[in-house]
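Colleague: Could you put the whole structure together from the sequences, leaning on the hints where they help?
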Amino acid sequence: MGIELAPQQTVLHDMDELSFTDSELDYHVRNALKAAVQGDCDSYNQLVAVIHHKERLVPEEVALLMTCLKALTGAVSCMHIVHHRSLLAAIFGMSLWNYGTDVMDALVELLISLAASSGQYVDLCLEMLVTNFMPPSSSSTYFIELLKQPRGIDKKHQVLDRVHSTFQDIANLVPLSPLRLEKIVRDRMPNIYTKEPFIVMYVENMLTLESGAAGKLVGGSMLVAIMDRLIDLDVEIAWDDILQDDFSKGIFDMELEDLEGFSDHVQQDGDELTRESLMQRFFGGNLVAEKLDSLLVLTFEHLESCSGSGRLIQVFETLLQSFQKTVLTAYKSKFAQFVMFYACSLDPENCGKMFVSTLVNIFVSGVYPAWRMSAVAYLASYLSRAKFVAPSFVAATLESLVNWCFDYCNKQDGDINPRAHKIFYSGCQAIMYVLCFRMRSIISVPRLRSQLLLMRIEDILRHPLKPLEVCLPSIVEEFLRLAKRNRIFSVPDTFVDYGMLESELSRAFGGIERLDTFFPFDPYLLRKSDRFIRPNFVYWSMVRNSYYEDDEDESASDEDIAEAGISIADDISVDEGDAHLDEFDYALDKMSITPRDSSTKFGGRIQGFVQMPSKIRPSTSPESL
Amino acid sequence: MEGLKESEANLVVYLHPSMAKCVNDAILRELSSLLFTYSETFDGVVLAYDPNVRSNLAKILPGIHPYLGVRLKAKLLLFSPKPNMLLEGEVVKISRQSIHAVILGFSSAVIADEDIRDEFKYKVKHGKEVFVSRHHKKHKIKAGTIIRFLVKSFDEEILHISGSLVAVHTGCARWLDANLEEWSQADSTTRKRKDRDEKEQKTADDKMMANREMPSLKKDDRIKKLKKKRKEHT
Numbered sequence: 059m060g061i062e063l064a065p066q067q068t069v070l071h072d073m074d075e076l077s078f079t080d081s082e083l084d085y086h087v088r089n090a091l092k093a094a095v096q097g098d099c100d101s102y103n104q105l106v107a108v109i110h111h112k113e114r115l116v117p118e119e120v121a122l123l124m125t126c127l128k129a130l131t132g133a134v135s136c137m138h139i140v141h142h143r144s145l146l147a148a149i150f151g152m153s154l155w156n157y158g159t160d161v162m163d164a165l166v167e168l169l170i171s172l173a174a175s176s177g178q179y180v181d182l183c184l185e186m187l188v189t190n191f192m193p194p195s196s197s198s199t200y201f202i203e204l205l206k207q208p209r210g211i212d213k214k215h216q217v218l219d220r221v222h223s224t225f226q227d228i229a230n231l232v233p234l235s236p237l238r239l240e241k242i243v244r245d246r247m248p249n250i251y252t253k254e255p256f257i258v259m260y261v262e263n264m265l266t267l268e269s270g271a272a273g274k275l276v277g278g279s280m281l282v283a284i285m286d287r288l289i290d291l292d293v294e295i296a297w298d299d300i301l302q303d304d305f306s307k308g309i310f311d312m313e314l315e316d317l318e319g320f321s322d323h324v325q326q327d328g329d330e331l332t333r334e335s336l337m338q339r340f341f342g343g344n345l346v347a348e349k350l351d352s353l354l355v356l357t358f359e360h361l362e363s364c365s366g367s368g369r370l371i372q373v374f375e376t377l378l379q380s381f382q383k384t385v386l387t388a389y390k391s392k393f394a395q396f397v398m399f400y401a402c403s404l405d406p407e408n409c410g411k412m413f414v415s416t417l418v419n420i421f422v423s424g425v426y427p428a429w430r431m432s433a434v435a436y437l438a439s440y441l442s443r444a445k446f447v448a449p450s451f452v453a454a455t456l457e458s459l460v461n462w463c464f465d466y467c468n469k470q471d472g473d474i475n476p477r478a479h480k481i482f483y484s485g486c487q488a489i490m491y492v493l494c495f496r497m498r499s500i501i502s503v504p505r506l507r508s509q510l511l512l513m514r515i516e517d518i519l520r521h522p523l524k525p526l527e528v529c530l531p532s533i534v535e536e537f538l539r540l541a542k543r544n545r546i547f548s549v550p551d552t553f554v555d556y557g558m559l560e561s562e563l564s565r566a567f568g569g570i571e572r573l574d575t576f577f578p579f580d581p582y583l584l585r586k587s588d589r590f591i592r593p594n595f596v597y598w599s600m601v602r603n604s605y606y607e608d609d610e611d612e613s614a615s616d617e618d619i620a621e622a623g624i625s626i627a628d629d630i631s632v633d634e635g636d637a638h639l640d641e642f643d644y645a646l647d648k649m650s651i652t653p654r655d656s657s658t659k660f661g662g663r664i665q666g667f668v669q670m671p672s673k674i675r676p677s678t679s680p681e682s683l
Numbered sequence: 039m040e041g042l043k044e045s046e047a048n049l050v051v052y053l054h055p056s057m058a059k060c061v062n063d064a065i066l067r068e069l070s071s072l073l074f075t076y077s078e079t080f081d082g083v084v085l086a087y088d089p090n091v092r093s094n095l096a097k098i099l100p101g102i103h104p105y106l107g108v109r110l111k112a113k114l115l116l117f118s119p120k121p122n123m124l125l126e127g128e129v130v131k132i133s134r135q136s137i138h139a140v141i142l143g144f145s146s147a148v149i150a151d152e153d154i155r156d157e158f159k160y161k162v163k164h165g166k167e168v169f170v171s172r173h174h175k176k177h178k179i180k181a182g183t184i185i186r187f188l189v190k191s192f193d194e195e196i197l198h199i200s201g202s203l204v205a206v207h208t209g210c211a212r213w214l215d216a217n218l219e220e221w222s223q224a225d226s227t228t229r230k231r232k233d234r235d236e237k238e239q240k241t242a243d244d245k246m247m248a249n250r251e252m253p254s255l256k257k258d259d260r261i262k263k264l265k266k267k268r269k270e271h272t
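Chains as they are written, first to last, in the working numbering: chain C, 59 to 683; chain A, 39 to 272.
Hints may be right or wrong, so weigh each one.
[To be verified] Result set (DSBU-like, lysine-lysine): computed pairs, CA atoms no more than 30 Å apart in a straight line:
id, chain 1, residue 1, chain 2, residue 2
1, A, 159, C, 383
2, C, 214, C, 586
3, C, 92, A, 190
4, A, 59, C, 469
5, C, 92, A, 59
6, A, 176, A, 163
7, A, 59, C, 411
[Stated by the list, open to error] Cβ pair distances, simulated, as ranges:
id, chain 1, residue 1, chain 2, residue 2, range
8, C, 111, A, 63, 55 to 65 Å
9, C, 369, A, 152, 45 to 55 Å
10, A, 86, C, 111, 47 to 57 Å
[As the list claims (entries may be wrong)] These stretches of chain C come out as covered by chain A in the derived footprint (C-beta under 8 Å, 3 or more residues):
id, stretch
11, 131-143
12, 462-468
13, 575-584
It is worth saying that the hints were derived from the structure and are not from the lab.
Glycine included, every Cβ here is placed at the ideal spot set by N, Cα and C.
Modeller: The structure is reproduced here in structure tokens:
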């Protein structure tokens, strides 16, 4: 066991030169431990000094350290948690990041031996390993720099591979250790104010645990903890950071040309801004957004690898539960829900359908009205924005929504009342929103077209409850225009609130949380993780043009629409920004669902409340003086 | 294997009112939170449960959340190893200083080298570590062996057992069962010797007693004879 230490002179601080052979050291260590229990601490203190020594170790010191560790590994049965606490503190205070692979291996062996020898050390060993998920905080700047270089990455792999294989080794000897590990990992998760490289590394480790051997035992709670952290970060990003008061055009410009490569071609003058520059302006320098961005990249990559190894469905089930508990109920959630979006895009058949049926269930038979309205908003936004959803599935889901609304309004004989029937109105608005995006693709398939015509949409819209007057005017208007253009429904032509995004009545049914203007899967704004979402996302500009292009270019559109989803990106003419500016702006205003004036914030969830904080500035603002 | 016992427990499970629709599931979930943890009330680690809810009625607790108290009888399988109990487990790791085993798949056990009797010698054969008995070459302990050992102590928090292989009837379970005569003979030989010794001692004592008595008898005889003779003489 151990290396054969040639009787060399080794130096220990200012002590006398000592030389040991392997077995001598073994014996020496055991005696030191036993003597310390009796009160004779000389050799024991020497041992502690060896363990503590970590600065600039020369090879002999490294060898001595290793041999000491190995000797201790054999002597764990002599260790006592109280009498040897300084030694144990020294051992648990070591960080794998500070040493070479030899010492790492020796240390890890010692930890396994300790954990297996007695129950009292298991938690301490696991905690030490979890602390090693990240480099030691005392030299954090050094390591952050190191990790940008290839040898830093190597070091990281050396440490983390050993940490995770040690978890496995300990679990083989102490079968209940994953249970303790789960709790420790959750408790020690960095909060949202931790530096970005550290929190990213910790989450990376959690994901490694999830996909590792103990994944079945701890994976679920790892995912839930990560989702919670994502929501925490998400909620910290205030819309004030996104909306700036001097921005007169409003955010709907984000819906501008999102096509690949378009931003390279367009002439940027002062007024027209592309998404790239918008994102840069809003999020450049916003630390919380950057952290969220990096964590989402990690999460998306993990989902991708789960999909590759066939585990996506189990992972999705956990995510779905977490979604219902935290994301659905967090009204200010802006980006965390895209985890679900991306997971569905990887497996539309299973995950996508599971997601939709859960949302439909919550809407139809949920308990809390706010959650039901929120669920139908998610449903509408998902069906409209997910490129990978087949029109037939959209039609089928629409049918169940329509049926519910129809049954509901048949039981009512009252008149218009936004607050009392808010769930109904949110259902109607969802139907209209989905049809704005998907009408073209549905009616282009004859079977689906007749299915659509058979749905009782006209009856619902004509009902005395008057959904057309209560729902968000911008959506109603667009829907009516499309219905008329495509000659689908015969709906009342007279419509009062042209040009308005929202009305008194819509605000009434939306309530204090403004669920009337809640569109959770609106265009994605985080830079690094955008590449995962963009290929699967339906932008309004893509859809809108299919309606208005009809007059100009028939043939191309038809071929495209014959496929499962709409991907008309290639057909859009590049210069429409100039040519159809008026109509473009007009249509865009309506469909992007983001308010034109910044007095009502995007998503405007808590209208009054979101406004107030932006007005209440710190005392440097003149108004408060 | 000792240490396992079955108990009947009268329990009251308190359920949140939201569980009122699915009481059975809620009860099972509550009971499952007891698993693999040591409970002082039951004096053991709960391994399995079998609830039996008698009545449909439950008492509602007063308070902000009106919890329901459901009474039930449950049969529980408990694991409570006490010192000097004989347990069996599978060896997962051998090292010069210790043998590590797993009991019932969840509890870890360690036997330190001072608790392994001298009969066993540590060897490395074909790259694998093994403890072999000096007296019986076939008696081996290696990774995968089921060993029988005595409990020294039990850590209730992490369910960790510290064991000992000092006693003669401990070691590889299969070998012990197959070679009952060998080790139990060793055991009974000592017993026989003991018995014999005892018997010898007893007979020796008896003899001594007998010898002591004999002279007195003889003496009496002689006296009688003497008396007789004297009588005859006169």
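Colleague: The structure should be examined with respect to each hint, and the outcome stated for every one.
Modeller: Results for each hint:
The hinted pair formed by residue 159(A) and residue 383(C) fails the criterion: a straight-line CA distance of about 58 Å is larger than 30 Å. The hinted pair formed by residue 214(C) and residue 586(C) meets the criterion: a straight-line CA distance of about 22 Å does not exceed 30 Å. Only pairs whose Cα atoms come within 30 Å are accepted, and residue 92(C) paired with residue 190(A) is accepted, the gap being roughly 21 Å. Taking the CA atoms of residue 59(A) and residue 469(C), the gap is near 27 Å; set against the 30 Å cutoff, the hint holds.
As the CA atoms of residue 92(C) and residue 59(A) are separated by approximately 61 Å, the hinted pair breaks the 30 Å bound. Annotation: proposed proximity of residue 176(A) to residue 163(A) holds, straight-line Cα distance about 14 Å (limit 30 Å). With a C-alpha separation of about 27 Å, the suggested pair residue 59(A) and residue 411(C) falls inside the 30 Å cut-off, and the hint holds. Checking the proposed 55 to 65 Å range against residue 111(C) and residue 63(A) shows it holds: the Cβ atoms sit about 57 Å from each other.
One distance hint, 45 to 55 Å for the beta-carbon pair residue 369(C) and residue 152(A), holds here, with the actual separation near 46 Å. Between residue 86(A) and residue 111(C) the Cβ separation comes to about 51 Å, which falls inside the hinted range of 47 to 57 Å. Given as covered by chain A, the stretch 131-143 of chain C passes the check, having 4 residues with a CB less than 8 Å from a CB of that chain where 3 are the minimum. Coverage of the stretch 462-468 of chain C by chain A is violated [criterion: at least 3 residues with CB-CB distance below 8 Å; count 0].
Beta-carbon proximity to chain A at under 8 Å applies to 0 residues in the stretch 575-584 of chain C; the threshold of 3 is not reached and the given coverage is violated.
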